[in-house]
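Next come the chains, spelled out residue by residue.
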Amino acid sequence: MTDLIQMIVSGIATGSSYALMGLAMVIIYKTSEVPNFAQGEMALISSFFAMMLLTSFNLNVYLAFSLAFLFAAVLGCFLEFAVLRRAKEPNVLGMIVITIGIEMVILGVVSWKFGAEQKTMPFPIDPYDSLFIGDIFLKKLDILTLVSALGLMVVLFMFFRFSKLGLAMKATQQNSVAARIVGVRTNRILMVTWGISSLVGAVAGLLISPTIMHPYMMWDPMLKGFAAAVMGGMTSLPGAVVAAYMLGIIENLFGGYISIEFKTVVAFVIIVAVLCFKPSGLFARHYVKKV
Amino acid sequence: MAGLLDVKNIETYYDLVYAIRGASFSVEEGSITAILGNNGAGKSTILKTVMGLIEDQPDKGSIEFDGVPIQHQDTDAIVRKGIAYVPEGREIFKELTVHEHLLMGAYTRKDRSGIKEDIETVFQYFPVLRARVNQWAGTLSGGEQQMLAIGRALMLKPRLLILDEPSLGLSPILVREIFAIIKEINKSGTTILLVEQNANMALSISSTGLILENGRFVMKGRSEDLREDKDVKEFYLGIKSETSAKGYQRWKRKKAWR
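These protein sequences, in sequence, are chains A and B.
Quick note on numbering: the first sequence equals residues 72 to 362 in the working numbering.
Quick note on numbering: the second sequence equals residues 95 to 352 in the working numbering.
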């Protein structure tokens, strides 16, 4: 019994980092209908930037992290402005390929600058520092990740539901011509979206970096986050988070009871199953066109 | 003759198509001006050019709003000057509610209390929208969507309201209703520029009419005069002057406008 609970708890912990990446992807998808495959690497370079500030410049942890978040936001805005906006007559497929290109460039830059070996991130919380509740142990870092994921979900949900900018973002996604004719600067909206999304991704990156830190560290969380976003319906923030936790838990249980080798594959089996039975995702609320 | 909107000799290319071939017109403040023309004459293109929706166009010519040139500006900058545009085919946000639409219409405004008042005004023009206030716009009927598009444009408190075929796909009763409301909006002080296929309806509410053919204006005048004009009658109002014994027209007054 303790084993089962322990596995579920660890599943929730891994689910949290998937959730953060899922949120980041949903935000961009919500405004531009482009799944951003560079999401993981944008988070990667932000985490390495934070590490650089901490180790080479000996900055205070909080200052370094704030600068890393700022860096992430600026990076997101910059990529939208300098790369995606330049695409002539863009279509979704072309945009996806561009994001994959960005991903490879960033990956290359990070490997070249910092090397491919495992680094250590001087994080204020030791990644193996745990609490015990009965027989169950909880890593303090995991608790922090869980709180950040849920907190960011609530903040972003409120933002899209109640703020004027959030409304303009939704409007831009649904009909960008109509958004322009009510006076929305749609280009700027997209840029801000990329900034916010990159920032959320950077939170995930920084919370993953104490445990693993090398150029491929974001691969798994990014793909799983994407999987969660698809399962949640791609436009639903709570959907992505719930799906991310489901993925984390199922994956862990599968790894514990059935096969540790196929642990990471199970996520994609679940996606296929979900897309077969509910193609619009588990939580998407979509207007279905009447014939 | 400086009007509220002065379009001088604009030429517009739609990709490689030379769509507007030197068109000039002016919209007097407080008037309803109607642009009529066949399919493909370039009516919508003129409006899109004015709104800055066609990239890098107009190729030539100038567009002045209230004496200030607005050609080659971004759409949002043009909108902020007080021009609202109801596009052809409504262009609503399918998954935003009616209320959210009206808020989006007032996107460029800052006065919260004024926005609330204007939402009420829109509901007075279109009571049916009040009943649908929390419904997604995609679930509305075509007529309701058209009303919503007009309501959204009104939320800008525009000085000039540009309407592209408000009668498109609506039942005759609804068309009459919408035109009555357009007239009312005009009476409350908004200048209106209207593009229509329904020439009869458009000429009945407008004060000035313009006829566009192949990217050029071929006729302009007071709407009453246009309605009596023989060419206009034959081409647009479908009134025939002479018929043969078998019931079809034997000759045309003209083959084309020029």
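Be a bit skeptical, because a hint or two may be false.
In the SDA-like style, the derived pairs of lysine to any residue whose C-alpha atoms are separated by at most 25 angstroms in a straight line are [said to hold, decoys possible]:
no.: 1; chain 1: B; residue 1: 210; chain 2: A; residue 2: 229
no.: 2; chain 1: A; residue 1: 235; chain 2: B; residue 2: 294
no.: 3; chain 1: A; residue 1: 235; chain 2: B; residue 2: 229
no.: 4; chain 1: B; residue 1: 175; chain 2: B; residue 2: 252
no.: 5; chain 1: B; residue 1: 251; chain 2: A; residue 2: 234
no.: 6; chain 1: B; residue 1: 204; chain 2: A; residue 2: 190
no.: 7; chain 1: B; residue 1: 188; chain 2: A; residue 2: 232
no.: 8; chain 1: B; residue 1: 102; chain 2: B; residue 2: 168
no.: 9; chain 1: A; residue 1: 159; chain 2: B; residue 2: 166
no.: 10; chain 1: A; residue 1: 235; chain 2: B; residue 2: 208
no.: 11; chain 1: B; residue 1: 314; chain 2: B; residue 2: 214
no.: 12; chain 1: B; residue 1: 175; chain 2: B; residue 2: 253
no.: 13; chain 1: B; residue 1: 210; chain 2: A; residue 2: 234
no.: 14; chain 1: A; residue 1: 210; chain 2: A; residue 2: 163
no.: 15; chain 1: B; residue 1: 204; chain 2: A; residue 2: 237
no.: 16; chain 1: B; residue 1: 175; chain 2: A; residue 2: 246
no.: 17; chain 1: B; residue 1: 277; chain 2: B; residue 2: 308
no.: 18; chain 1: A; residue 1: 241; chain 2: A; residue 2: 256
no.: 19; chain 1: B; residue 1: 251; chain 2: A; residue 2: 79
no.: 20; chain 1: B; residue 1: 188; chain 2: B; residue 2: 224
no.: 21; chain 1: B; residue 1: 204; chain 2: A; residue 2: 232
no.: 22; chain 1: A; residue 1: 210; chain 2: A; residue 2: 285
no.: 23; chain 1: A; residue 1: 235; chain 2: B; residue 2: 211
no.: 24; chain 1: B; residue 1: 102; chain 2: B; residue 2: 175
no.: 25; chain 1: B; residue 1: 204; chain 2: A; residue 2: 247
no.: 26; chain 1: B; residue 1: 314; chain 2: B; residue 2: 168
no.: 27; chain 1: A; residue 1: 241; chain 2: B; residue 2: 314
no.: 28; chain 1: A; residue 1: 159; chain 2: B; residue 2: 147
no.: 29; chain 1: A; residue 1: 349; chain 2: B; residue 2: 232
no.: 30; chain 1: A; residue 1: 235; chain 2: A; residue 2: 248
no.: 31; chain 1: B; residue 1: 281; chain 2: B; residue 2: 294
no.: 32; chain 1: A; residue 1: 190; chain 2: A; residue 2: 124
no.: 33; chain 1: A; residue 1: 241; chain 2: B; residue 2: 160
no.: 34; chain 1: B; residue 1: 281; chain 2: B; residue 2: 262
no.: 35; chain 1: A; residue 1: 241; chain 2: A; residue 2: 190
no.: 36; chain 1: B; residue 1: 175; chain 2: B; residue 2: 230
no.: 37; chain 1: A; residue 1: 159; chain 2: B; residue 2: 149
no.: 38; chain 1: A; residue 1: 210; chain 2: A; residue 2: 349
no.: 39; chain 1: A; residue 1: 235; chain 2: B; residue 2: 230
Calculated directly from the structure, the hints in this document are not laboratory data.
Checklist line | Given hint residue 246 of chain A paired with residue 175 of chain B - CA-CA distance at most 25 angstroms | finding: holds, 22 angstroms
Notebook entry, point to check: Can the restraint linking residue 190 of chain A and residue 124 of chain A be considered satisfied, given a maximum Cα separation of 25 angstroms?
Noted result: holds, 14 angstroms
Margin query: Holds or violated: residue 159 of chain A and residue 147 of chain B, Cα atoms, limit 25 angstroms.
Written below: holds, 16 angstroms
Margin query: For a C-alpha distance cap of 25 angstroms, please report whether residue 241 of chain A and residue 256 of chain A respect it.
Written below: holds, 13 angstroms
Check: Are the Cα positions of residue 235 of chain A and residue 294 of chain B separated by 25 angstroms at most?
Finding: violated, 41 angstroms
Notebook entry, point to check: Within a Cα-Cα threshold of 25 angstroms, do residue 251 of chain B and residue 79 of chain A meet the stated pairing?
Noted result: violated, 56 angstroms
Next item on the list: Take a quick look at whether residue 159 of chain A and residue 149 of chain B sit within 25 angstroms of each other, Cα to Cα.
Entry: holds, 12 angstroms
Notebook entry, point to check: Is the hinted pair residue 210 of chain A and residue 349 of chain A satisfied, with a Cα-Cα distance of at most 25 angstroms?
Noted result: Roughly 35 angstroms between the alpha carbons, so the hint for residue 210 of chain A and residue 349 of chain A is violated.
Note to self: Given the hinted pair residue 210 of chain B and residue 234 of chain A, is their Cα-Cα distance within 25 angstroms?
What the structure shows: holds, 16 angstroms
Check: Would the pair residue 102 of chain B and residue 175 of chain B pass a check requiring their Cα atoms to be no farther apart than 25 angstroms?
Finding: holds, 19 angstroms
Check: Does residue 190 of chain A lie within 25 angstroms of residue 204 of chain B when you go C-alpha to C-alpha?
Finding: violated, 50 angstroms
Checklist line | Distance restraint between residue 235 of chain A and residue 229 of chain B, which requires alpha-carbon spacing of 25 angstroms or less | finding: Given that 25 angstroms is the threshold and the Cα spacing comes to 19 angstroms, the pair holds.
In this structure, the hints that do not hold are numbers 2, 6, 11, 14, 17, 19, 26, 27, 33, 35, 36, 38, in rising order.
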